[in-house]
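We have chain U already, so just place chain Z with the ligand on it with the hints.
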Amino acid sequence: MVQRLLLQGNEAAGWGALAAGCGAFFGYPITPQNELTEWFAREFPPRGKVFVQSQSETASINMLYGAAATGVRAMTSTSSPGWGLMQEGMSNLANAELPCVVVLVSRGGPGVGTTRHSQMDYTSATRGGGGGGYRNIVLAPWSVQELHDHVQLAFYLADKYRNPTVVLSDAILGQMAEPLEVKALDFGSLPPKDWAVKGITRHQDGQRRGLSAGQGFFPSPQYPTYLDFMSAFDRKLKAMRASEVRYEAHCVEDARLILVAFGSTARMALEATQAARERGMKVGLVRPISLWPFPYEAIRKLCKSAKFLVVEDNLGQMLEDVEMAAGEVHFLGMLARHEPREQGMVFPDKVLEKIEEVY
Amino acid sequence: MEKVRVTGGSPLWTRPEFATIPFCPGCQEPVASEALLQVLEETGLVGEAIAVVGIGCNSFLPFLWKMDFVMAAHGRPPDVATAVKRILKYPLVFTVQGDGDCFAIGAGSTVSAAIRGEKITIIMLNNNNYGTTGGQMSPTTLLGQKTSTTALGRGGNEEGFPAHVAETMATFKGVCYSARTAVNDPASFQRTKRCLRTAFQMQMEGLGLSFVEIIVACPPNRRLSPLETIKWIDDEVLAEFPLGEFKNVGREEMEDREPVEVKG
Ligand code: SF4
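In the order they appear, the protein sequences are chains U and Z. Per this note's numbering, the first sequence runs over residues 1 to 359. Per this note's numbering, the second sequence runs over residues 1 to 264.
Rather than coming from a laboratory, the hints here were simulated on the basis of the structure. Treat the hints loosely; a few may be bogus.
[What the hints assert, rightly or not] No more than 20 angstroms apart at the CA atoms, straight line, and that leaves these computed lysine to aspartate or glutamate pairs for DMTMM-like:
| # | chain 1 | residue 1 | chain 2 | residue 2 |
| --- | --- | --- | --- | --- |
| 1 | U | K304 | U | E320 |
| 2 | U | K282 | U | D194 |
| 3 | Z | K89 | Z | E48 |
| 4 | U | K160 | U | E253 |
| 5 | Z | K89 | U | E320 |
| 6 | Z | K173 | Z | E253 |
| 7 | U | K193 | Z | E167 |
| 8 | U | K282 | U | E353 |
| 9 | Z | K146 | Z | E236 |
| 10 | Z | K146 | Z | E158 |
| 11 | U | K198 | Z | E48 |
| 12 | U | K198 | Z | E158 |
Remember, it's a predicted structure, so these values are computed and weren't measured experimentally.
Chain U extracted, bound-state conformation (with noise of 0.2 angstroms):
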């Protein structure tokens, strides 16, 4: 059944992770993502649904470990401080291999920062922040809808390749309203979860469960070496870097410069792209909807016939991966925005000056 609300992004994600039979949610207040908090307090117990506001984000991400080691989907959601201090669970969650989805509102600045919208955590989001060079696929919405459809795909990518998936959404998409139709998306099928704990006696084989965040460390049968688990732990990171890139390409073919962008920044960018091609250039843009894995080879392609303006809301974090990809690369950041205020945004027009500069 499909059903059409006008909603904010926020609450939107709820309304993807109820479509993908999320059982629990663990979180904490922080600021913009609240709604998304308040969104579960309120729809999921009454479903039968667990949810537990946390004593902190370290409690959200360790809760959400225990939940995902029961086999059910889990989920939590954070902004930047929060997500900092996730950082550890997030390496726990990857070790044990437990699929579960964090979503990322992020905001502005390192440490405290400010409330105001920005991309500033695409590098700890792609990256990892925590230890041991693990990865997880984040997947970078653009509008309300794909908030809703992001998350469930999330889920199935988190089960997919049992490993926490991230989508990194920002205040402007989460406090947005948009049209949405929820609907529950069908990605395929996907292996039963028979690693879950449950209690001796409720597995078939009657067997016992263990699940660790020190596979490598504790030899097991599966990887009796630490060599034996970071094997399979590249060729997870290998599937993936194969198999998850995910990007929207618009008028790239005879394009001289394309743009590059993702989430909120994405459809300012598009404006421009469209204004700049009603004046006659030949401007292109490239939306990466997998910030990791990056879509590299995309764009080393285009780079033989374009050269590229990324524009996104921090001081430069994509631009990294662009230029690893392309040659000549140009950069249009957060302190070109349109308004010489701190609340301003990277308004289009913002985007065409900077388009024209460049061309």
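Frame of chain U, contents of chain Z with the ligand only:
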């Protein structure tokens, strides 16, 4: 799979699939574990038991048990156990933690689970130091006790005073049971079993959080022989940390802790 009787007793001990697991000579963590396994066997709860451990010597134990387990980050077992219990609802969920895991790095998790009155059991093995990392000071190190980070002996003004965890846990309304026991002689071993049985029973009745602190010997880090360590526990540790039940309340007293019924 071959059974290994580590301390001779419960058939719930099992050889890990991969390696031998070392405990130092005279370590009482396997003894406390034997009491735990005997209770699980006698109460028939083992089939639905899920153990949650953090980091420390005790985190090796579940690899030796015929039981489902989750190994979490240092200090986080109460958070992990909270989720496991709230989602599955039916099992016996207990944590096994050291005193550092439970009340230093994990103090926030332990106290918060107590505030929320989670229907779990926390078992804290108190060996008065950080055993795994080489005997550094922990929250329960005695005043004057020499450790590798208190070379002159713990001084209250510099390093603070020993934490009384079982007494502290008893002060939370969400806690229905709190006890401190030891395993230094056969009688205390039996008392430990009784305390664990009560704690598990109260969890299964859904009364609130139950807590059992078990004093255990860690001879190498005391630089004492196993027998000398037991004498030190008898003479000094138990003088600082008296054994006993600090809280044991019935359903009436926990009534306003009754959870909202959550459907499966
Ligand atoms: S260090 Fe102490 S607690 Fe750890 S195994 Fe040895 S005796 Fe037991």
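(message) Hint check: K282(U) vs E353(U), CA-CA at most 20 angstroms. Holds or violated?
(response) holds (15 angstroms)
(message) Hint check: K89(Z) vs E320(U), CA-CA at most 20 angstroms. Holds or violated?
(response) violated (47 angstroms)
(message) With the threshold set at 20 angstroms, check whether the alpha-carbon distance from K160(U) to E253(U) stays at or below it.
(response) violated (33 angstroms)
(request) Would you check the hint for K282(U) and D194(U), treating anything up to 20 angstroms between C-alpha atoms as holding? (result) Roughly 53 angstroms between the alpha carbons, so the hint for K282(U) and D194(U) is violated.
(request) For the pair we were handed, K146(Z) and E158(Z), check the Cα-Cα distance against 20 angstroms. (result) Status holds; Cα separation ~14 angstroms.
(message) So if I understand the rule, the pair passes when the alpha-carbon distance is 20 angstroms or less; does K146(Z) with E236(Z) pass?
(response) holds (13 angstroms)
(message) Run the distance test for K173(Z) versus E253(Z): straight-line Cα separation, threshold 20 angstroms.
(response) holds (9 angstroms)
(message) So if I understand the rule, the pair passes when the alpha-carbon distance is 20 angstroms or less; does K89(Z) with E48(Z) pass?
(response) holds (11 angstroms)
(request) For the pair supplied as a hint, K198(U) and E48(Z), confirm whether the alpha-carbon distance does not exceed 20 angstroms. (result) holds (7 angstroms)
(request) Quickly compare the C-alpha distance for K193(U) and E167(Z) to 20 angstroms and report which way the hint goes. (result) violated (41 angstroms)
(message) Check the hint pairing K198(U) with E158(Z) against an upper bound of 20 angstroms on the C-alpha distance.
(response) violated (46 angstroms)
(message) Against the 20 angstroms threshold, does the CA-CA distance of K304(U) and E320(U) hold or violate the hint?
(response) Roughly 18 angstroms between the alpha carbons, so the hint for K304(U) and E320(U) holds.
In this structure, the earlier hints numbered 2, 4, 5, 7, 12 are contradicted, and the remaining ones agree with it.
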